[in-house]
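Protein chains in written order, with numbering that gives the first Met the number 0: chain C, 0 to 359; chain E, 0 to 372.
Rather than coming from a laboratory, the hints here were simulated on the basis of the structure. We treat Cβ as the ideally placed atom computed from N, Cα and C, and that holds for glycine. Please note that the accuracy of each hint is not assured.
[To be verified] Calculated cross-link-like contacts (lysine-lysine; reagent style DSBU-like; alpha-carbon spacing at most 30 Å):
| # | chain 1 | residue 1 | chain 2 | residue 2 |
| --- | --- | --- | --- | --- |
| 1 | C | K334 | E | K194 |
| 2 | E | K297 | E | K275 |
| 3 | C | K84 | C | K158 |
| 4 | C | K95 | E | K26 |
| 5 | C | K88 | C | K99 |
| 6 | C | K95 | C | K72 |
| 7 | C | K50 | E | K194 |
| 8 | E | K275 | E | K171 |
| 9 | E | K327 | E | K296 |
| 10 | E | K50 | E | K302 |
| 11 | C | K95 | C | K158 |
| 12 | E | K275 | E | K50 |
| 13 | C | K158 | E | K227 |
| 14 | E | K194 | C | K338 |
| 15 | E | K327 | E | K297 |
[Claimed, not checked] Label pairs and their in silico Cβ distance ranges:
| # | chain 1 | residue 1 | chain 2 | residue 2 | range |
| --- | --- | --- | --- | --- | --- |
| 16 | C | E89 | E | L10 | 21 to 31 Å |
| 17 | C | L303 | E | G350 | 37 to 47 Å |
| 18 | C | I87 | E | S148 | 35 to 45 Å |
| 19 | E | M144 | C | F36 | 28 to 38 Å |
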Amino acid sequence: MVDYLVVILSSGLMSNAHPIVVFITAGILTALPIFLFMAFFALAAVYAERKVSAFMQDRLGPMGQGAGFHAGKWGLLQTVADAIKLVIKEDIIPAKADRKLFILAPFIVFVGAFITYVALPFNQVIMAADFNIGIFYILAVASLGVIGIILAGYGSNNKWSLYGAMRSAAQIVSYEIPAALSILTVIMLVGSLEMQEIIMAQSGTIWGFLPNWFIFNNPFTFLAFFIYFISGVAEVNRTPFDLPETESELVAGFHTEYSGIRWGFFFLAEYAYVFIVAAVASIVFLGGWQSLIPGIMAGPGWGLFWFFAKTGFLFFVMMWFRWTFPRLRVDQLMKVCWKFFLPFAFINILGVGIWDLFVR
Amino acid sequence: MGVIHGEEMVLNIGPQHPSTHGVLRMKVRTDGEILTQITPIIGYLHRCFEKHCENVTYEQCLPYTDRCDYIASMNNNFGYALAVERLMGISVPERVEYIRIIVAELNRIASHQLAIGTFGLDVGAFTPFLYCFRDRERILDLFEMLCGSRLLYNYIWVGGVSHDLPAGFVEKVYEFIDYFEPNIQEYNDILTFNKIFIERAADVGVLPEDVAISYGVTGPNLRGSGVKWDLRRHDPYSVYDKLDFDIPVGTGAMGTVGDCWDRYYVRIREMEESAKIIRQALDQMPREGDVHEALPKKVRPPKGSVYVRTESPRGELGYYIISDGKPKPFRLHMRSPALTALSVIDEIGRGWMLSDVLAILGSLDIVLGEIDR
Chain C
0 MVDYLVVILS
10 SGLMSNAHPI
20 VVFITAGILT
30 ALPIFLFMAF
40 FALAAVYAER
50 KVSAFMQDRL
60 GPMGQGAGFH
70 AGKWGLLQTV
80 ADAIKLVIKE
90 DIIPAKADRK
100 LFILAPFIVF
110 VGAFITYVAL
120 PFNQVIMAAD
130 FNIGIFYILA
140 VASLGVIGII
150 LAGYGSNNKW
160 SLYGAMRSAA
170 QIVSYEIPAA
180 LSILTVIMLV
190 GSLEMQEIIM
200 AQSGTIWGFL
210 PNWFIFNNPF
220 TFLAFFIYFI
230 SGVAEVNRTP
240 FDLPETESEL
250 VAGFHTEYSG
260 IRWGFFFLAE
270 YAYVFIVAAV
280 ASIVFLGGWQ
290 SLIPGIMAGP
300 GWGLFWFFAK
310 TGFLFFVMMW
320 FRWTFPRLRV
330 DQLMKVCWKF
340 FLPFAFINIL
350 GVGIWDLFVR
Chain E
0 MGVIHGEEMV
10 LNIGPQHPST
20 HGVLRMKVRT
30 DGEILTQITP
40 IIGYLHRCFE
50 KHCENVTYEQ
60 CLPYTDRCDY
70 IASMNNNFGY
80 ALAVERLMGI
90 SVPERVEYIR
100 IIVAELNRIA
110 SHQLAIGTFG
120 LDVGAFTPFL
130 YCFRDRERIL
140 DLFEMLCGSR
150 LLYNYIWVGG
160 VSHDLPAGFV
170 EKVYEFIDYF
180 EPNIQEYNDI
190 LTFNKIFIER
200 AADVGVLPED
210 VAISYGVTGP
220 NLRGSGVKWD
230 LRRHDPYSVY
240 DKLDFDIPVG
250 TGAMGTVGDC
260 WDRYYVRIRE
270 MEESAKIIRQ
280 ALDQMPREGD
290 VHEALPKKVR
300 PPKGSVYVRT
310 ESPRGELGYY
320 IISDGKPKPF
330 RLHMRSPALT
340 ALSVIDEIGR
350 GWMLSDVLAI
360 LGSLDIVLGE
370 IDR
């Protein structure tokens, strides 16, 4: 996308401008839709989450009531109203907080999520930049947010925040490893880190009917999908792994002291990370924009549809987790990671290597 | 390699905290995630219940008893009414006895639903809480139909009950029991036998039998430790001796006897037993009769003192009343089961992690209104 725009801009509108100016303009033009998408996704996701949780719990969720000023039909405008409330809320910085770190933290968390979107292919053509280390880049920058979380916990000068930040750091860093190792199995089979190549490698069928997605490719990648997805849920701090912000223990975890739009940035970033995990899982293991029935409904428009359908489904599964399971304890969380996921992830890599050599 | 000891940090849990079940404050020393000392500090909800009672007449004490254990108002009314009746030496008509048992057991179910629901919240499960509230709502509707209130009923009076059962109430209760009994399986499916829940609750916060007895812990917490002790059976009051029910005790099915899971599961089983009791009481209850028959014109007990204990959803709820022959009690003391339950928190919670201690607190099912009075 950026490359395209650079070519278009320098040949047309900005033909006389300096190449760097052209590049920055192209970058901003690409970033803006991503930002809007993040904001829109957060609104839609919160609405979906509230409705899904309500239906799972025998409730109605947000509903518009009666005549006059209300949240729209079926409460569709509820999250918009919430967002407006967040923006106009008083900005509170605790007197004893470390001001600089406190202010900086939400931006780091947000930027960590934001720059990850650069490498996400939404369909065959829509992608901010398709570079040759796509998946590696995503894994690398997605965990940048943890720095912001630690800063928030430390800078708030609140014991609950500190607890949340410490838990979060331990959790994200731990679960990064099985997640990355699971993706490695796919990279071994594709032989490339480029996102589009990974998706291209999943075209066609197995035994004539199963789509040739990596989840169906062999038993090891099948297992890898589950390890990645569960690790991903842990990485984005959602139930049953939502220890950094356990509302019943740590009040609100690392963002206890945040309010208004600063809190909003954490919130935005949280849902952005959720989207990233679901999107990466659907790209790497479920064929991204590849159609469910190979060869049919395969255009770029359908690609967008398939990508969002798969990502949306995985997001729904995350909500399902959240509204079904209790929460693990911090030592149990670490046990799951280091004693089960990590050994299995290593076995997977070995297994895929053997599979690639002898079976395929 | 030796054990590493980090610096200890003092942490205040509460009084404003999402899972202290009210305005409890706990001062804890933490070594990382592990708590080395827990000091509960109470009194944030103290409303001078006992002193108030010395200044109002016996009938006027009743609404105050509602406000002690506000989750189980009926049971509080029940205990107080029994105490005054015993002091005065009056007995109530049989119909009243059954009505009292029906409402008290309904309230026990409602209270246990809140207990297991909030315990679920403490370990991070949100949905079971709302399942419980969905069913609790029906009980509250029944109570609203009965006496107009949904939380503080002031229904069981000295010598009777405030209103007779409204038309159609008995059928509605039957309907509720039929609806509710299968629903317990739903709680079990979503929470009780969930693997993560068992991991969180089993073997955690074990309250051994001897510790429970020496601290004076009663009710489901004591039964969770494997002691078969239920005042409805072992010191029967009202017409409980005519009713057939089991006393569930903790068996250590998922871990050790007396762990959080046992305390939780005893409550689930008690809801089943309560449903059984209600069904029998409805069957046996005389359909006709005056509920105000024994209601005295003026409550003025003779000189003397009485201690009456009843089995509230939280354990042994005792009322000790000293009368000097005047229309106001000379002294009234309430033995609060939740207070004794809270007192073991340091004993059984020390050395566990922060998350566990809040789970243990949840499993003890305390109500601050009753602790602080």
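Now for the hints, and whether the structure bears them out:
1. K334/C to K194/E: OK: K334/C and K194/E at ~15 Å, within 30 Å.
2. K297/E to K275/E: 37 Å, violated
3. K84/C to K158/C: OK: K84/C and K158/C at ~27 Å, within 30 Å.
4. K95/C to K26/E: 22 Å, holds
5. K88/C to K99/C: Satisfied, since the Cα-Cα distance of roughly 20 Å is no more than 30 Å.
6. K95/C to K72/C: Roughly 44 Å separates the two Cα atoms, so the pair is violated.
7. K50/C to K194/E: 26 Å, holds
8. K275/E to K171/E: 16 Å, holds
9. K327/E to K296/E: 15 Å, holds
10. K50/E to K302/E: Status holds; Cα separation ~19 Å.
11. K95/C to K158/C: 12 Å, holds
12. K275/E to K50/E: At roughly 38 Å apart (the allowed maximum being 30 Å), K50/E and K275/E break the hint.
13. K158/C to K227/E: 42 Å, violated
14. K194/E to K338/C: 17 Å, holds
15. K327/E to K297/E: 11 Å, holds
16. E89/C to L10/E: 21 to 31 Å: Because 28 Å falls inside the window, the suggested range holds.
17. L303/C to G350/E: 37 to 47 Å: Violated, since L303/C and G350/E (Cβ atoms, about 54 Å apart) do not stay within the stated range.
18. I87/C to S148/E: 35 to 45 Å: 39 Å, holds
19. M144/E to F36/C: 28 to 38 Å: Once the Cβ atoms are compared, 52 Å apart, the range 28 to 38 Å for F36/C and M144/E is violated.
Hint compliance for this structure: hints 2, 6, 12, 13, 17, 19 are broken, all remaining hints hold.
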